[in-house]
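Chemist: Sequence:
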Amino acid sequence: VTYDFEYVSIDGERPSPVCLVWHDWESGETHRIWRDELLRMKKSPFDISEKTICCTYYYGAEGSCHQVLGWEHPTNVLDCFTEFRNRTNGTKVPCGN
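Residues in the sequence shown are numbered consecutively from 1, following the numbering used here.
What the hints contain is simulated information worked out from the structure, not anything from laboratory work.
Each hint should be verified, as a subset may be incorrect.
[Unchecked claim] Pairwise CB distance ranges (calculated):
| no. | residue 1 | residue 2 | range |
| --- | --- | --- | --- |
| 1 | 6 | 72 | 18 to 28 Å |
| 2 | 95 | 51 | 28 to 38 Å |
| 3 | 90 | 35 | 22 to 32 Å |
| 4 | 12 | 70 | 14 to 24 Å |
For each residue, glycine too, the CB sits at the ideal point set by N, CA and C.
The task is simple: from the sequences and hints, build the whole structure.
Modeler: Structure below.
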């Protein structure tokens with residue numbers, strides 16, 4: 001599963017999730033859920049167990065949204081930002097860090 005939250009945040013405050021989009025690579029389906037529905041949900045709408053790899057870009061943001069919504073965190077997270085920084089720290093990157 002690849003996913004991303006859109007949210008608003010005020011400096012020093014917790015994020016306020018606006019939307020969640022995720023793509024299930026097994027089914028090929030993409031889903032979108034807006035704020036009103038997100039706030040009613042007690043858990044993630046997609047599998048976050050050890051059976052699933054949850055791919056994000058900068059899990060710190062996604063993890064904060066999980067926290068605000070009261071959801072458990074995924075068992076397996078692949079954070080592409082962390083992987084990017086691991087490969088590029090100490091180097092000059094044409095498009096910036």
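Chemist: For each hint given before, does the structure comply? Return the numbers of the non-compliant ones in rising order.
Modeler: 3
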